[in-house]
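Novice: The residues making up each chain are set out below.
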Amino acid sequence: MTQPHRLPEGGIIDRTRALRFEFDGVQHEGYAGDTLASALLANGVHLVGRSFKYHRPRGIFSAGAEEPNALVQLSPASGARTEPNVKATMQALYDGLIAASQNCWPSVHFDVGAINNVMSCLMPAGFYYKTFMWPPTPKWWLKYEHVIRHAAGMGRAALAPDPDHYEHQYAHCDVLVVGGGLTGLAAAHTAAKAGARVILCDESAAWGGGVGDIGATIDDRPVDRWIADTVRDCARFDDITLLPRTTAFGYYDGNLVGAIERVTDHLSEPPAHTPRQRLWKIRAKSVVLASGAIERGIAYANNDLPGTMLAGAARTYARRYGVRPGTRAVVFTNNDSAYLTALDLHDAGVAIAAVIDARPASQLTRGLHQHARASGLAILPDSAIIGARGGRRVASVDVATLAGGRSTRVDCDLVCVSGGWNPAVHLFSQARGKLRYDEPLATFVPDISPLPILPAGAANGCFDPTAAVMEGRAAGAAAIPGAGMMASPHHSPRTNGVDGTALQPLWAVPATRRTAKRFVDLQNDVTVDDIALAAREGYVSVEHLKRYTTLGMGTDQGKTSNIIGLALMAEQLDLPIPKVGTTTFRPPYTPVTLGAFPGHETAAHVEPTRYSAMHDWHQEHGARFVNAGLWKRPHSYPRPGETEDDAANREARNVRTHVGLVDVSTLGKIELQGRDVAELLNRVYINKWDTLALGRCRYGVMLRDDGLVMDDGTTSRLSATHYLMTTTTVNAVRVMQQLEYLLQAEWRNLDVYATSVTEQWAAAALSGPKAREVLAKVMDIDVSNGAFPFLAVATCHVRTAQGLVPARAFRMSYSGELAYEIHVPADHGRAMWEAIIKAGDDAGIMPYGTEAMSTLRIEKGHVVIGPEADGRTTADDLGMGKLVNPAKWCIGKPLLARPALTAPDRWQLVGLTALDGARMPRAAKIVANPDHALPNPMLGHVTSWCYSPNLDAWIALALLANGRARHGEVLWALSPLANVRVRVKVGPPCFIDPEGARLRV
Amino acid sequence: MSDQDRIASGIPVDPHAGPAPLVLAPIAIATAWNVQGDPTRAPFSDEVENLFGVRVPTVANTTVRGGTLLALWLGPRSWLLVHAAGAEASSSLMDFEAKRDALNAHGGALFDVSASRVAFTIRGAHAATVLAKNCPLDFHLRAFPVGGCAQSLFGHVNALFYRPEASSFTMMVARSFTRDAWDTLRASAAQYGGDVAPPP
Amino acid sequence: MLLIPCPWCGPRNQIEFTYGGDATVQRPGNDAPEAAWEAFVYMRDNPSGPHDELWLHSAGCRSWFKLRRDTRTHDILGSARMGDELGGESP
Amino acid sequence: MRYSIFSLARNALTHHQHWPLAWRSPAPKPRYDAVIIGGGGHGLATAYYLAKEHGMSNIAVLEKGWLGGGNTGRNTTIVRSNYHLDPNAHFYEYSLKLWEGLSQELNFNVMYSARGVLNLVHSPADMDAAMRRGNAMRLNGIDARFLSRDEIAQWIPNLDCSANARFPIHGGLLQPRGGTVRHDAVAWGYARAADARGVDVIQQCEVTGIRVEAGAVVGVETTQGYIATPKIGIAVAGHSGQVAAMAGLKLPIESHVLQAMVTEPVKPVLDTVVTSGAVHFYISQSDRGELVMGGDLDFYNSYAQRGNLPIIEHVVAACLALFPSFGRMKLMRTWGGIMDMTMDGSPIIAKLPVNGLYMTGGWCYGGFKATPASGWLHAYTIAHDQPHPLNAAFTLERFAEGRVLDEKGAGPYPWAH
Ligand SMILES: Cc1cc2nc3c(=O)[nH]c(=O)nc-3n(C[C@H](O)[C@H](O)[C@H](O)COP(=O)(O)OP(=O)(O)OC[C@H]3O[C@@H](n4cnc5c(N)ncnc54)[C@H](O)[C@@H]3O)c2cc1C
Ligand SMILES: NC(=O)c1ccc[n+]([C@@H]2O[C@H](COP(=O)([O-])OP(=O)(O)OC[C@H]3O[C@@H](n4cnc5c(N)ncnc54)[C@H](O)[C@@H]3O)[C@@H](O)[C@H]2O)c1
Ligand SMILES: Cc1cc2nc3c(=O)[nH]c(=O)nc-3n(C[C@H](O)[C@H](O)[C@H](O)COP(=O)(O)O)c2cc1C
Ligand SMILES: [Zn+2]
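Protein sequence lines, in the order shown, are assigned to chains A, B, C and D.
In this text, residue positions in the first sequence follow this note's numbering: the first is 1, and each later residue adds one.
In this text, residue positions in the second sequence follow this note's numbering: the first is 1, and each later residue adds one.
In this text, residue positions in the third sequence follow this note's numbering: the first is 1, and each later residue adds one.
In this text, residue positions in the fourth sequence follow this note's numbering: the first is 1, and each later residue adds one.
In short, the hints are calculated from the structure, not lab data.
Check the hints yourself; a few may be wrong.
[As the list claims (entries may be wrong)] PhoX-like cross-link-like pairs, simulated, lysine-lysine; straight-line CA separation at most 25 Å: (1) D/408 <-> A/893; (2) D/351 <-> D/250; (3) A/579 <-> D/64; (4) D/408 <-> A/632; (5) D/52 <-> D/29.
Just chain A, same shape as in the assembly (with noise of 0.2 Å):
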C-alpha cells in the first residue's frame, strides 16, 4: 500500500494529483504539495542518511531550512541535473523525483564506513591535529589525506555541464518583507495599503510561515482563511511583489538584499526558456525581517536516531501534509510548545506514550498543560530521556527524573524534542545588528541595528500568534518611508508562546554512559564530549570551539545546534552565555545555487567579447583569432595547408616585400579639443608637444606619478583646436580615465574636453612599399610624399562601394616600411576594408594579423607596453630617454631621478640573435652561465622573440642588465621549462633600417 502513514484528511496537499517518485531504488507516492520529506514519511521511510564523521544512521529531523540530516542526492548522480546535498524537508515534490541516500557504501542500509563509529573513542574533536605525522615527510600525509577526503564531502558534484540557465533581477523597494508567515504577510498588507512599494518573499512555497497556527484566530477569522485573504488582498496592489520559493540569504552594504528564486525546482519539466532559478538584488528603503524562528533540540544519547525530530516539525507533518511521523511518539521538551505536537499527534491518531518534560510538576498547571492531561496524555515533569535505542530508527527511550534515579523504557518510534525555539537572526546580524541575550527565551533576540531594518514577529522572540500579527503591521507601517522607523524593537511580551509558562534552559542530560553519544551537531558529528574536550584543550573561544569541533560548520551551518554548543561551553566555562556570545553569522542564510551567481553572465558570456567592425570579413577569410583585452583580433589568415606561423611569417615578408593591411580598431582613441589641449599633452607625456603643427602627428610616451613607462602611442592635430591621442588597446581605458581625472580634478582651468572615440572609428594600417599606390587608389587627396610626408595627418574620403566614406588618413608606421592609418566612422569599416583589399590586388596584398604585426615590431625594436615596458621600467630603460624633454614638467619626472631609477645596473632593451641557427625559446632567461649552479643568477629575460622571415634568424627584443654597454656580448638564452638552452648575440634593438629611410621614401 502506498503513502501508509499518510493521514485520511487535513493538510494542503493537494490529494487528487498523486505524483510518483523514487528514493534509494524503491518507487513511491506523494501529492502535490509534499516536500520530498512529508513524502518519505508518508511512506514510512525514515533512514534517509549517514552522518558526516562516524556514518551514523539518520533521520529526517525538521521540516524545514534547518535540517541538518535528511540530505540527499537529487538526480541520479550520473547524469547532469544531479545535485548533492539537497534538504528533503525543503524540496518538493515532482512527478518522476529520484533521489538518493548521500555517504554511504555500499548502501544506506549497510554502511562500511560506519566503522568509523567503531573507531570513534580513537576520533574525538581535532583528533587529525595530532596524528597522522609519521613517517615524517609530505607525502605520508598526502596519502592518508587521500583516505580522509574520500571519507570525508556528502554528496556528489556532478561531472557534465549544468544543463539549466539562470538570471538575475535587480528590484527596488520601499520595504521589503523577509517571510511570509503570519507577521510577515501582515507587515507587507500594512505597508502596501499605505501606497509603498512592497516586496514579500518567503523560502517556501506556500504563504503563511512555517508553523501553522491552525486552530488560532486572527481578526476573528480562522487562522487558514486570514492567511488566503490577506495574500489575496496583497496581490491587489499594484506596487507589490510577491515571491514565494525566494530566499533572502544575504544582507549587504546599502540596504540590499541577495535573495535566490527556485523558480523551476518543484517541476518535473521546466517550461523552456525558463529560467531555473533567479537571483534578486532587491535594493529596499527598510526591511521587515519576519523570519520566524528555528527550533532546537536536547542532547541526550542517541539523540541522533532517525525517528528523532524537532516538535515543530513533527506538528508541521501532522497538520500541513497530513503525515503520521510515526505511531507511538514520545514528547520530550522544556517549554510549551511542544503540547501543541502532542496534542496534535494525538489528534492525528498518533499514540503519545508520553510527554516529558524538564519543568517541575507545579509549572505544568495552565491551560495547555491541563489540556493535554484531559486529553489522557501522560506528562512526567522533572524528567528526560536520558537515552534512545534502536537501530536504523529509534525503538525506546530512557527516561529519569532530573534529580538521577532509575530509568524507565518507554517504547515509541518517535521522539519529538523541544529545547526551545532561536529568532532566525542572521540578516538581522549580518546588517550589524546587536543580539541580546534573552533570559526568559534562553535565547538571542536582537536588539538594535543602526540599519533600517526592523524584525518582527517570531524573528523578534514574539511567539503568539495574534501578538504576531500586531508586530508585523507595527513594522509595515515604520518601514514605509516617511514612517521613521520607529517600531520598537520589543513592544510586545515575551513569552515562549503558547501559554506564557517560562522555558527552563535544558541543553544537554547528563549522560550515564561514558561512551554514550549526545549529538549537538547533527550534520557534522559533534558531540557534548567534544565540546568538552575543546574546552578542556583551552579552545575555548567560540570561534575557536566552532574551528576545533567544526560545530555550525555543516551545511546547516548550526541552525539548531549552535546555540546549544555555546550554552554547553559556557556551562564549561562557568560563564554566562552572552558572554561567549555567537559566531559571525555569514551569507548565504541556506546554501544558494552556484549557477545563479552568474545569471547570463557566464560560458561564453563571463566577460564580454568585444568585435571590430571588420570582424566578419576576418572570420569569412579564414582568419584565426586570439583574444587582446576583451577584444577578438586575428591571429593570422591561414590558407589551405598553412600553419599559423607559416601564415604569419608569409603575411610578415609580404609586408617588406609588397603590402599588407592590419585591423587596428582596438587601438585607444581620444579625442580632445580645447584651447589648452597642447599644455595637457605636454603634461601627460615625456616630450614637447606645443610645436606640433596642424595636420601633423608624433610619438609620446606617458608616465606613472611613480616615473615609470604607463602607455605610448601618438596624437594628431586635427584642427586648431581638435587633437586625436591613441593609446594601447590594453590602456585605452586607464588613460582616458586619468585625463578625465586631471582634467576634473587637478587641472580645472585647462580648456579642455575629452571623449572617447575608440567605437566611433574602425582602423586599418597599411603599410609596405607598395602602400602608396595602393592608398592612391582609394584616396580623395594626394598621398605622394611630398604632399603627405611621414607623420603628416590629413581628413580625407575613402572611395569605397558605399561611395565616398568620411576618413582620417595617418602616415605613420609601426611596421618600420612606408605605412599609412586609415580611420573611417565604424559603420563603413567593412567598406573601407574591402576597398582597400581590392585596390591593393595589383600590388599584391596580404591581411596580415597580430602575429605578424608583433614580428614587423620586433625587427624593427618598437616596444610594445606589456612585455617590454613591464611596469618595472623606465623611457631610459627603453632607450628613450632623450625623449624626456629638459625644459618642461611632466607627470612622472620629479621621481625620475631617483638613484634606483638611474642605477647603471638597470635592465635595458637589447636586441638578441639567436647563433648556430637555433630557435629562440619561448620566455627565455639570460644567463652568462649556463652551467652555473643553481640559483643561476639571471641577467636579464626575453620580453618578445621571433622568427623573422627577413632576417632569417631567431630574433628577440630583451631586457638585459646594463644592456647598453653588453653590445657584441655572447650571453645564453635558457629556458629550463623546454629544457632548451641557446647561446645569443647582444645588440641593439632595431635589426632592420635603423635609420628609419624606408620610412620616409
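With chain A fixed as given, assemble chains B, C and D with the ligands onto it according to the hints.
Specialist: Showing chains B, C and D with the ligands alone in chain A's frame:
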C-alpha cells in the same frame, strides 16, 4: 496579467504598460554628436542654442527636445544630440567642422560619435522587467519618468537608456559590445516569447 | 553592495563606479621636492573610520567626485563634486 | 604531552579526559624582553623562532581577539613559491621548505598537502608571462613544470579545456610542491609550541598605544595595562597601518577587503589547486570536501571583515567558466578578511625608523604561505637588530628609493596587486 499569474511568476508588473508583451528591435542612429562645455557659461550655452536650437538640459538624467533634436544629458558638461524619433534628418546635425570650430571658439567642444553606439528599442509590458534583469537602475515610473535618460550597465556593458514612453525604452550600447548586449537581451526576454527582431 | 550617491546622478549601485583611492593625498606642486612626491605616491593614512576617497561614475556621468565612507562599516557619510568640500552631511 | 597515534590511543582509554591545555592563558607580566603584537600565524611564528632560534623566552604575543582570528583563520590556505622576482622567489621558497617539515617541528599536524598549484594560462601573452616566471623559478632552484592543454585536460577532467571557451586554456604552470596547509592548525601549532618554550600567548589583549622615548620604544599600552619592553614586533596584517601609526609612522599600505567562500562539501572532485590570473580566480577542495574559492579584492579601502555581492558573482562566474559542471553545487558560506596591500604588492619585513620597532606585514593576498619564513626572518631581524639577507630587500625605504618589488608591474596602486 491576473493576480494569480503575477504571484506565480514573481515578476513585478509595470502598471502603465501597454498591451504588447515585448518587442525588441534594433534602431538606426543616423547622427549622434557629443556636445561638451560648461553650461553655466553663457557664451557656450548661447552658442549651443544658436547652432542647434536647443538649450541643453542641466538637470541630470533628463532630456530636452528642440524641434527635431533630442538632447540627452550625459554628464554635467556633456550631452548627446540625436535626431528625435520620427524626425527627418534635419540641417541642425550637419556641417560638423564649422560647428565644432564655433563651439571651440566659445569654450565648448563637439565630437562626432554617430557610429559609436548601437541602439535598441525594448517595448511592451515586460520592458522594464527585462531591462532590470541586467541593469541596477530603478525603472519605476516615479524613479525613471517618461522623457528621462540614464547611463548605467546592461550586464557587463555600459549602456545609455532613454524612455520615450511609459512602456518603451531605447538602449544604446557601444558598438563593439553589440553582440554581447543583444545576446543578453534576447536571453532575458526569451521567457516572454514576443516579437524579437533578428540581430543587428 | 554600496549605494553610492553620485553628486550628479544621485544614489547608484556600486557596480557603476570605479574606485580612485585616497582623496586626501594632495598632488604636490610641479617643483616640490622629491620627498613630497614620494609621500604623495606611496604613503597613506589608511584610516579605520571615515575615509575621503575618489570615485569615478564610470558607467554613468563620468564625473570624478569625492566620497566620505566609513571603512569600518561601509556607511556612506557624504559625497561632493570635485572642487567642493566634503561636508560630512548625510547623503 | 606529545601528540601521536600512541598518545591518542592512550587517551582514548581514559575517554580523552586528560589532554592538557594546548597553551596557557597567562596574565601579562609587567615587562618582557620583546613583545609581538598580533596573534596570527606571523606573530606566533615570530615568537616561536625568537624562543627557539634566539634563546629569548621572556616574550609575549598580544592578540586583541582570539588566536588566528585574523587572516590566518580566514584565508584560502594556498602555499607556493612560484614568484618571478628574485627576492620574492628566494623568500617564499625558504618558506615552502619550512612548511615541508613544520608538522614534525611543531608536533602538530598542519596538513601541508603538496597537491600542486596550477596557474592556468589563457592567451599567448599569459603563456609568455607564466613561462618567464617558470624559467626564473627553475633557475632559482624552485620546482616548476609547464603543462600542455592536453595534459591538463587529462589530469583535471572537469576543467573546460575546449578551444572555444571564453578563456581557452592554453596550458598551465605547475608547481608540484605547492599546495594547501590547514590554516587554523598553523596558528594553534605555533601557539602551542611557543607556549611550550615559555612564550606568553595572551588573548583578548589589544595594543592601544606604543610608547616611544628618545627615538626608541619602551613599551605598549594595552587593554590589559601597560607592558614595558625594549623590542616590539608588529605582525598585525590588515592593521599594520593602524599599529604603526601608534609609533607615529605612516606606511605605504592600504587595507582592503578580500573575500573567500566555500561550497557545500562533496566527495573529491578536484585534486590540486587551480588558479587563473586572467579571470582572477583560485580554487581548491578542502579535506572536508568544500570547494574553497577566492578572487579579486573588493577594490576599496575597508576594515569591515565582509564584502559585497559583485565580487562573489565574479568569483563564481569565473569558477563556472572554468568548471561548468560545478553549476549545481551550492555556496555555503562567504566571508572577508582585511588585506594589508602595499604599493608594490611585496611585503615589508624590516626594522622601522624607531629604535626597537620591527614589523612583518604588507602581505597582500599571499601572506599565509609566508608564515614560517616571515616569523623566522622577523625573529632574526628583531634578535640581531638587522635584516637577514633573505629579507634585506623587503625594507620600508625601498619605496622612496625606487627599489620596489612589483611582480605584476601594476604600479603604486595598492588595490591593483
Ligand atoms: C580571503 C583571504 C584569502 C587569502 N588566501 C591566501 C592564500 O591562499 N595563500 C596565502 O598565502 N595567503 C592568503 N591570504 C593572506 C593571508 O591570510 C595573510 O597574509 C596572513 O594570514 C597574514 O597572517 P598574519 O599572521 O600576519 O595576520 P593575521 O592572521 O591577520 O594576524 C594578525 C593579528 O593581529 C591582531 N591585531 C591587530 N591589531 C592588533 C592590536 N592593536 N593589538 C593586538 N592584536 C592586534 C589581529 O586580531 C590578528 O589576529 C588570504 C587572505 C584572505 C583574507
Ligand atoms: N514557541 C512557539 O510557540 C513558536 C515558535 C516559533 C514560531 N511560532 C509561531 O510563529 C508565529 C509568528 O509568525 P512569524 O511569521 O513571525 O514566523 P513564521 O515562522 O511563521 O514564518 C517565518 C517565515 O519566514 C520564512 N523565512 C525565514 N527565513 C527566510 C529567509 N531568509 N528568506 C525567505 N523566507 C524566510 C520561513 O519560510 C517562514 O515561512 C506565531 O504565530 C507562532 O505561532 C511559535
Ligand atoms: C579553508 C577554509 C575552509 C572553510 N570551511 C568551512 C566550512 O566547511 N564550513 C563553514 O561553515 N565555514 C567554513 N569556513 C569559513 C569559516 O566558517 C569562517 O567564515 C571564516 O574562517 C571567517 O571567519 P568568520 O566568518 O567567523 O569571520 C572555511 C574557511 C576556510 C578559510
Ligand atoms: Zn553620475
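Novice: Against each hint, give a clear statement of whether it holds in the structure.
Specialist: The hints, checked one at a time:
1. D/408 <-> A/893: 22 Å, holds
2. D/351 <-> D/250: Holds, at roughly 14 Å.
3. A/579 <-> D/64: With a Cα-Cα distance of about 16 Å, the restraint between residue 579 of chain A and residue 64 of chain D holds, given a limit of 25 Å.
4. D/408 <-> A/632: Holds, at about 24 Å.
5. D/52 <-> D/29: 21 Å, holds
Violated hints are absent here; each numbered hint is respected by the structure.
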